[in-house]
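Undergrad: As a plain string of letters, each chain reads:
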Amino acid sequence: MRIKSERDFWAGLMFIVVGVIFAVGATNYSMGPACPPNDPCAANLWARLSQLSAHPGAGYFPLGLSIILALLGALVLFKALTIEAEGGDKVGAFAWRPLIIIVIAIAVFGAMLEPLGLALTVPVLIIISSLAGDEFHWKGVAANAAVLTFGSWAIFVWGLKLTIPVWPWFAR
Amino acid sequence: MDLLHNLGIGFGVAFTYTNLLYAFFGCVLGTLIGVLPGIGPVATIAMLLPSTYALDATPALIMLAGIYYGAQYGGSTTAILINVPGESSSVVTAIDGYQMARQGRAGAALAAAGLGSFFAGCVGTIIIAAFAPPLTELAFKFGPAEYFSLMVLGLIGAVVLASGSLIKAIAMIILGLLLAQINTDVISGTARYSFDIPQLTDGIGFVVIAMGVFGFGEIIANLGQPAEHREVFTKEVKGLWPTRKDFLEAWPSVLRGTALGSILGVLPGGGALLASFASYTVEKKLTRNPRIPFGKGAIQGVAGPESANNAGAQTSFIPMLTLGIPPNAVMALMVGAMTIKGIQPGPQVMTSNPQLFWGLIASMWIGNLMLVILNLPLIGIWIKLLTVPYRFLFPAITLFCCIGVYSLSNSTFDVYLTALFALIGYAFYKLSVEPAPLLLGFILGPMMEENLRRALLLSRGDWTTFVTRPLSSGLLIASALLIVIVSLPTIKKKREVAFQDAD
Chain Z
1 MRIKSERDFW AGLMFIVVGV IFAVGATNYS MGPACPPNDP CAANLWARLS QLSAHPGAGY
61 FPLGLSIILA LLGALVLFKA LTIEAEGGDK VGAFAWRPLI IIVIAIAVFG AMLEPLGLAL
121 TVPVLIIISS LAGDEFHWKG VAANAAVLTF GSWAIFVWGL KLTIPVWPWF AR
Chain D
1 MDLLHNLGIG FGVAFTYTNL LYAFFGCVLG TLIGVLPGIG PVATIAMLLP STYALDATPA
61 LIMLAGIYYG AQYGGSTTAI LINVPGESSS VVTAIDGYQM ARQGRAGAAL AAAGLGSFFA
121 GCVGTIIIAA FAPPLTELAF KFGPAEYFSL MVLGLIGAVV LASGSLIKAI AMIILGLLLA
181 QINTDVISGT ARYSFDIPQL TDGIGFVVIA MGVFGFGEII ANLGQPAEHR EVFTKEVKGL
241 WPTRKDFLEA WPSVLRGTAL GSILGVLPGG GALLASFASY TVEKKLTRNP RIPFGKGAIQ
301 GVAGPESANN AGAQTSFIPM LTLGIPPNAV MALMVGAMTI KGIQPGPQVM TSNPQLFWGL
361 IASMWIGNLM LVILNLPLIG IWIKLLTVPY RFLFPAITLF CCIGVYSLSN STFDVYLTAL
421 FALIGYAFYK LSVEPAPLLL GFILGPMMEE NLRRALLLSR GDWTTFVTRP LSSGLLIASA
481 LLIVIVSLPT IKKKREVAFQ DAD
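Residue numbers (our numbering), protein chains in the order written: chain Z, 1 to 172; chain D, 1 to 503.
Some clues are possibly wrong.
What the hints assert, rightly or not - For lysine-lysine, the following DSS-like pairs were computed, each having C-alpha atoms within a straight-line distance of at most 30 Å:
| id | chain 1 | residue 1 | chain 2 | residue 2 |
| --- | --- | --- | --- | --- |
| 1 | D | 285 | Z | 139 |
| 2 | D | 341 | Z | 161 |
| 3 | D | 245 | D | 285 |
| 4 | D | 284 | D | 296 |
Calculated directly from the structure, the hints in this document are not laboratory data.
Pulled out of the complex, with its shape left as it was, chain Z reads as follows:
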């Protein structure tokens, strides 16, 4: 079997996997009240379903949704394997460099902000994220960092009075 649309193939697979994960998770939660003794619901699946639906529990809605998601994913996957798409609809090259750098920049911001404050975190964030572009000039980046550090203090701390730490813990 040949993949006819690469993007749809992976998208379908993603929906199926997420659907299954959520469905498995949903089984940890109550679907609804247990079946009372001597009730038709013990023997009849249909009766059991309607008895559950009368008092849907925490797992009822997510289980239904994840089943629908997995089915839709299967449909997307099936189409990806049967219907010819232009040029195979390739996923194409990943922009690894910006992807990794931007994600690292965000994570570093998260790690630095509370102990070290805006004054140190912002320049670091700007320098790291600037590396994601195709041009990097120290002078421009330094100027950008200086302007943005002051600017974000002025807008968010001074202007909007948000409680964001400004200085590192040792200088507070």
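Here the structure of chain Z is known, so what remains is to put chain D in place on it, guided by the hints.
TA: Relative to the frame of chain Z, chain D by itself:
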């Protein structure tokens, strides 16, 4: 008259010093992000939500609304001057607008876009004021079953009209609904999908998702593309006032665009984007023997779509304000903003918060007036901004997004979660699945579950309640029809062509 009385309240609220100031802020910011390609209203509104914490609900919503319709004005400027649509809704404006600019008629194109948008904005505002109260009346007749069906229709409509692949879009809605299940169940108090992480028991903030997927996802996607060569027509913008001939040619298009945009804006999935595409098609069909052919700088091709996108941007507030159901991603964020402010979106907003409701509507008219002034005489300032290179912009956007996410609840956990969603957002982009339906599903998820479970409780577990109640069944039939219609081969082909044009 009720309408005048209500608008009177509205203008009373909107004309206060603070509210004028925030409407102005919103318009300036909206124009700014409209002009700058690479950042859209969804990311901006998400970015600014935390900073509205200190504000009252009314000025906060006035500012956020200003960003949305302001972006429609700003987007046309770059479309006309550099052939790069600042917003997706001005993609078609670029076709004829850029040609006009190359022929030295940039001024006329900008004026047609600006004045057309202003006219459309005024009409849109009046339509909201006139139609909101009766719709609200209707919404009060809704029980949980009807509400559930209405949300189904809203979600289906949103993807039928506004996305590429239908199945993938519906799957994205479901994914959004599922992500919204990461919370504490309201009825039983069970923490769901929290993996014993305390921060997850309150659910994921919609700002985290919007920022990760739209804000950072866009940045990474932009950086992945090769830098393009841009031609900017900065010196040639003179003689802003259109000639008599331009004027005569443009006004019928403005009227048609406004009418079309107003209707399409109300539909789920409608709003600015769909309106501008539809209007361009209509103009091309209806204009007989244009003086300048379409695609070569016809003023009708600028005036029509620009009026339509602004009218659509205005009227898309109707379902959000009256029913609490967002027709597009921006409105979904507005619903979120209202919830943060402790206002339950829905038909009761008009009666419980008349100041907010009518003040917001009145502020839209004022905002449109501000935008004409901001965009026409001050066009030079915005053009200068276009010369700021992206390598300075994207670190700034990254920074503002980070600060925005953090200040949401002063939590670094949210920042890490956003980084995760940035990765997911880029994966969506690579797999060409659209993130907007996910956000709509995510916002509507809790409401949908609550109404579904309440409806089932009332019917003692009988699912047929959704089809036996006439209003509910009508809404569900309408959603089914929508899916059937777009799956018909002829329509499907046309729809695919329309979305290819959009790319």
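Undergrad: Starting from residue 245 (chain D), check that the Cα of residue 285 (chain D) is at most 30 Å away, please.
TA: 20 Å, holds
Undergrad: Regarding the pair residue 284 (chain D) and residue 296 (chain D), is the alpha-carbon distance no greater than 30 Å?
TA: The given pair, whose Cα atoms are some 12 Å apart, holds under the 30 Å limit.
Undergrad: Holds or violated: residue 341 (chain D) with residue 161 (chain Z), Cα cutoff 30 Å?
TA: Holds: residue 341 (chain D) and residue 161 (chain Z) sit about 18 Å apart, inside 30 Å.
Undergrad: Given the hinted pair residue 285 (chain D) and residue 139 (chain Z), is their Cα-Cα distance within 30 Å?
TA: 54 Å, violated
In summary, the one numbered hint that this structure violates is 1.
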